[in-house]
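Chains as they are written, first to last, in our numbering: chain A, 1 to 253; chain B, 1 to 253.
Take the hints with a grain of salt, since some may be wrong.
Since the list can't tell identical chains apart, any single copy or any two copies may satisfy a pair.
Restricting the straight-line Cα-Cα distance to at most 20 angstroms, the calculated cross-link-like pairs of lysine to any residue (SDA-like) are [as the list claims (entries may be wrong)]:
hint	residue 1	residue 2
1	LYS213	GLU2
2	LYS213	THR88
3	LYS75	GLU186
4	LYS75	PRO155
5	LYS213	PHE96
6	LYS75	GLY139
7	LYS75	PRO30
8	LYS102	ILE26
9	LYS213	LEU187
10	LYS102	HIS158
11	LYS75	ASP252
12	LYS75	GLY143
Please keep in mind that the hints were generated in silico from the structure rather than gathered at the bench.
2 protein chains.
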Amino acid sequence: MELLAVPDVPEIREGDDLAAVITDRIDLRPDDVVVVASTVVSKAEGRFADLAEFPDGPRAREIAGRLESITGDEKDPRFAQAVLEESTELLMEAPFLLTETKFGHVGVNAGIDRSNVPGHDLLLLPERPSESAARIREGLPHGNPVVVTDTSGRPFRHGQAAVAVGWDGMPGNRDWRGEHDRDGRELGVTVQCVVDELAGAANLVAGEGDGGKPIVVVRDWAFGDHDGHDSVFRDVDSDFVRQALRGWEFDDA
Amino acid sequence: MELLAVPDVPEIREGDDLAAVITDRIDLRPDDVVVVASTVVSKAEGRFADLAEFPDGPRAREIAGRLESITGDEKDPRFAQAVLEESTELLMEAPFLLTETKFGHVGVNAGIDRSNVPGHDLLLLPERPSESAARIREGLPHGNPVVVTDTSGRPFRHGQAAVAVGWDGMPGNRDWRGEHDRDGRELGVTVQCVVDELAGAANLVAGEGDGGKPIVVVRDWAFGDHDGHDSVFRDVDSDFVRQALRGWEFDDA
Ligand SMILES: Nc1nc2c(ncn2[C@@H]2O[C@H](COP(=O)(O)OP(=O)(O)O)[C@@H](O)[C@H]2O)c(=O)[nH]1
Ligand SMILES: Nc1nc2c(ncn2[C@@H]2O[C@H](COP(=O)(O)OP(=O)(O)O)[C@@H](O)[C@H]2O)c(=O)[nH]1
Ligand SMILES: [Mn+2]
Ligand SMILES: [Mn+2]
Ligand SMILES: [Mn+2]
Ligand SMILES: [Mn+2]
Chain A
1 MELLAVPDVP EIREGDDLAA VITDRIDLRP DDVVVVASTV VSKAEGRFAD
51 LAEFPDGPRA REIAGRLESI TGDEKDPRFA QAVLEESTEL LMEAPFLLTE
101 TKFGHVGVNA GIDRSNVPGH DLLLLPERPS ESAARIREGL PHGNPVVVTD
151 TSGRPFRHGQ AAVAVGWDGM PGNRDWRGEH DRDGRELGVT VQCVVDELAG
201 AANLVAGEGD GGKPIVVVRD WAFGDHDGHD SVFRDVDSDF VRQALRGWEF
251 DDA
Chain B
1 MELLAVPDVP EIREGDDLAA VITDRIDLRP DDVVVVASTV VSKAEGRFAD
51 LAEFPDGPRA REIAGRLESI TGDEKDPRFA QAVLEESTEL LMEAPFLLTE
101 TKFGHVGVNA GIDRSNVPGH DLLLLPERPS ESAARIREGL PHGNPVVVTD
151 TSGRPFRHGQ AAVAVGWDGM PGNRDWRGEH DRDGRELGVT VQCVVDELAG
201 AANLVAGEGD GGKPIVVVRD WAFGDHDGHD SVFRDVDSDF VRQALRGWEF
251 DDA
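Whenever a hint applies, use it, and build me the whole structure from the sequences.
Set out below in structure tokens:
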């Protein structure tokens, strides 16, 4: 398996055709998977925003006021308003905002970025990243699978890692149910989230800073002859951590 | 960046020298990182166990009884006892066991495996996986960095993915603090858990079943000129999900 950064990707602007950006710079093979940082998908889709577009309501002011008193840092209530508008559920309000985005991904600040956003205050995640992946895929020569990623924090572990927020052309999970281990026993681990592992792999090449390598091609890797399915975002019924967070309250004292 | 499975790794037995297994089969270059599934590290370290070695106490019987009545499946209280003995804290008792292992990793069933364990009931995680990584590393020609992985579930997302449980020869996290984005703004994302991203990348090649590729070499990737640190496992003070779980109780009804 090989990972190749697409070379010389320019600064992406609203309206740019990412499939053309890719195919102009690299000869894709039929089995290549293309992994794209959400940042450039958002830019191409014009998901820039300014704080002025999110006049704060009372709920946003309450949240920002509380975060300000906890952290001692100034918090713009319009940012809280933007997060609220991108989300369907608030999992944590303090000491930071953890929400479920409208498309099902759980992330801090609904994945709204303030880095790598020229000329605007904010960059929102793509509205429906799997649809974005499908659109990019349409423009690729072999209908190559596309994974859209974002860097995300996680419980239990320090440090962020890239995960998939959208994908098309391959299942999100490799399902090993019914398959066997080396001793013929049925497998304990049954579902492997390959799109998250692809996201993490690509992020080793892309990086977080000014490296400018938002698009990575994964070559000589295959999903293989397994069942697959697309349910990567847990709903609250199957997520005990979300259930626990519903009953929890940060202690401001 | 390239990922190469070490070819023809045999069934690993207690006492096997994993560094020799690697160097006999692949010519490592100075910058290669070696990623090893914990399964084979455990086998080499003789971390096989049988249920008979874990006579159940009252706590284990209580846990197993409750899991049995919730799931309707038979649960051996000696397995619960094994999990207790490998752990420092129980984060969840039902509907499955989520614990902190003695070395700080949070995982289901303390990472005890029942797959790929010939001739025994159980395979425990290495006692101190970072020390295991250091020992393997000593036998590698260039003191190559070593990452020991395990497949692990996560909150918010379906499907498992490999994460690092131990590492040596490189920092666990790449620290971007003080670095800048493409517009000269200080970065929002500050800490990238590269050992987890390496684990995920390698697992795409290793797989979960009977593929037999537990050792993967990562070539032409560099940690780069960044600060780094090794705190990957959160302690409870910085982990609000763990705090929330302390106050939460699964509803058996
Ligand atoms: N060439 C190019 N690189 C970009 C652009 N925007 C971001 N990047 C790079 O893409 C990578 C990922 O950026 P990041 O802000 O971490 O994206 P996110 O993880 O999707 O939120 C980094 O290497 C950035 O330098 C762009 O418009 N053009
Ligand atoms: N060659 C070889 N492969 C093994 C051995 N044990 C496990 N594997 C393979 O290593 C990979 C990872 O195994 P898995 O049980 O998922 O390990 P874990 O994720 O570390 O718990 C799979 O491809 C297995 O087939 C062994 O002793 N020898
Ligand atoms: Mn982002
Ligand atoms: Mn990023
Ligand atoms: Mn395991
Ligand atoms: Mn595994």
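Outcome of the hint check:
no., hint, result
1, LYS213 / GLU2, "both (15 angstroms within a copy, 16 angstroms between copies)"
2, LYS213 / THR88, "neither (31 angstroms within a copy, 41 angstroms between copies)"
3, LYS75 / GLU186, "between (52 angstroms within a copy, 17 angstroms between copies)"
4, LYS75 / PRO155, "neither (24 angstroms within a copy, 28 angstroms between copies)"
5, LYS213 / PHE96, "neither (29 angstroms within a copy, 41 angstroms between copies)"
6, LYS75 / GLY139, "neither (41 angstroms within a copy, 52 angstroms between copies)"
7, LYS75 / PRO30, "neither (48 angstroms within a copy, 47 angstroms between copies)"
8, LYS102 / ILE26, "neither (33 angstroms within a copy, 47 angstroms between copies)"
9, LYS213 / LEU187, "between (37 angstroms within a copy, 16 angstroms between copies)"
10, LYS102 / HIS158, "between (26 angstroms within a copy, 17 angstroms between copies)"
11, LYS75 / ASP252, "within (16 angstroms within a copy, 41 angstroms between copies)"
12, LYS75 / GLY143, "neither (44 angstroms within a copy, 47 angstroms between copies)"
Violation of the numbered hints given earlier is confined to hints 2, 4, 5, 6, 7, 8, 12; the remaining hints are satisfied by the structure.
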